[in-house]
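Undergrad: Which chain is which? The protein sequence lines are A and B, in order. At position 3 of the first sequence the residue is numbered 7 (the working numbering), and the sequence of numbers has no breaks. At position 122 of the second sequence the residue is numbered 235 (the working numbering), and the sequence of numbers has no breaks.
It should be emphasised that the hints constitute simulated quantities derived from the structure, not laboratory data. Keep in mind that this is a model prediction, so the values were computed, not measured. Just to be clear, a hint being listed does not mean it is correct.
As the list claims (entries may be wrong) - To be clear about the criterion: a stretch of chain A counts as covered by chain B if any three or more of its residues have a C-beta under 8 Å from a C-beta of chain B, and this derived list gives those stretches:
{"no.": "1", "region": "11-20"}
{"no.": "2", "region": "28-37"}
{"no.": "3", "region": "65-78"}
{"no.": "4", "region": "117-131"}
{"no.": "5", "region": "171-180"}
We treat Cβ as the ideally placed atom computed from N, Cα and C, and that holds for glycine.
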Amino acid sequence: MNKEDRVLLEMKNTSELMLDLAYSALIYQNKDIAKEVIELEDRVNKLHEILIRSALGCSKDEKSFDRSLIMMKISDSIERIADGALDIADVVLRDIDLHPVVRKSLDESDVVILKHRVEKGAMLHGKTLGEVKLATETGVWVIAIRRGKDWIYGPDEGTTISAGDVLYARGPDDSEKMLSPYIKGK
Amino acid sequence: MRRKRLEKELKEEHGEIPYEQTSVRELLTLMKDTTELITDLAYAAAAFENRELAEEVRHLESEMDKMMYQIRLKCMLGARSMEHAEQMTGILQVASATEKISDAAEDMVKLLDMDLDLRAILPHILSEADEKIHTIMIYPNSEMVGKSIGQLLLESNTGIRVIAVRRKNRWIFGPDADTRLLENDLMIVRGVESGYREVRAVAHGEMAWSEVIG
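Work out the full structure: start from the sequences and follow the hints.
TA: Below you can see the structure in the form of structure tokens.
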């Protein structure tokens, strides 16, 4: 993978995280998360610009021209997806009471958003997400962690979970049941 | 919500306009779910240069336009006071954000209309994403044959979500829990690498399902 590939990849991963965060912000009326979506959108915009500049700079022969065109087009779509996430986060920041219908409709989605505190003595305590293979074992994907006043957005396999952490996660509709044994104290 | 969508599509084929019975809540859920399916399908269509997937992306996008129109109508009819109207703007903003995203997904598949070698570039990049898109063939000797996606609790047990199934010459897009898997089905899946490896091993008859859930 060259630099452009990595930029496009980061854009895709970030846009997906942004959407998950935007829905979490909406469901839990959480402005911290909504603000993170705004920061991430800024990041996506910058990456988009880097990619366009780089693509325009190296499109000399026909083959690299085609490649540049593909990269620019995908990058443009991702940037617009990120923009959509921003619009959703903006609803949270506008201080308007959320219509109850929004939350109900999100609860009935194929992909649900959960928020749970990790209890003392829970199986996840002191383990990394990779060690317990949480996503593979349960289908639940952690999108953010609140630890005291700090936030970890888009944790990866190396992120260690501690008792007291509040997990924001998404997964299929039976996620609640699947996640429970990992976060409940003994 | 997927079942509802199918019913709706069936009704549409028979010329009925089913939107009248659909509530704002149902529309919004459907729009969110469609957004997730359409982006996955768009990446898959581009990466595999698959015109049938691209066609479904276009179809879903036009459905999104119709839903957007319906949700606008319903919100306007439903607003009874200033406060209520303000709340409605929140609903409409979320709905139009999902519509914007599906527009972006549809734009991505326009790459297929240009004479470009997408396969040489995109699969290579997308295979490194946090959640990857892969194809998996179900072999006749697999334990998955004859089981429904819901019976297997596939996503909860592996983190792998099936976004489309190709069966002979037809496609099932966004299959639901009741969709039964058959031999020689080609699944397009999305999820983490370790889950993908497990599902592929079971689909190829090389691993028992009990090993996955054990």
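Undergrad: Run through the hints listed earlier and report the numbers of any the structure violates, in increasing order.
TA: Violated: hints 2 and 4.
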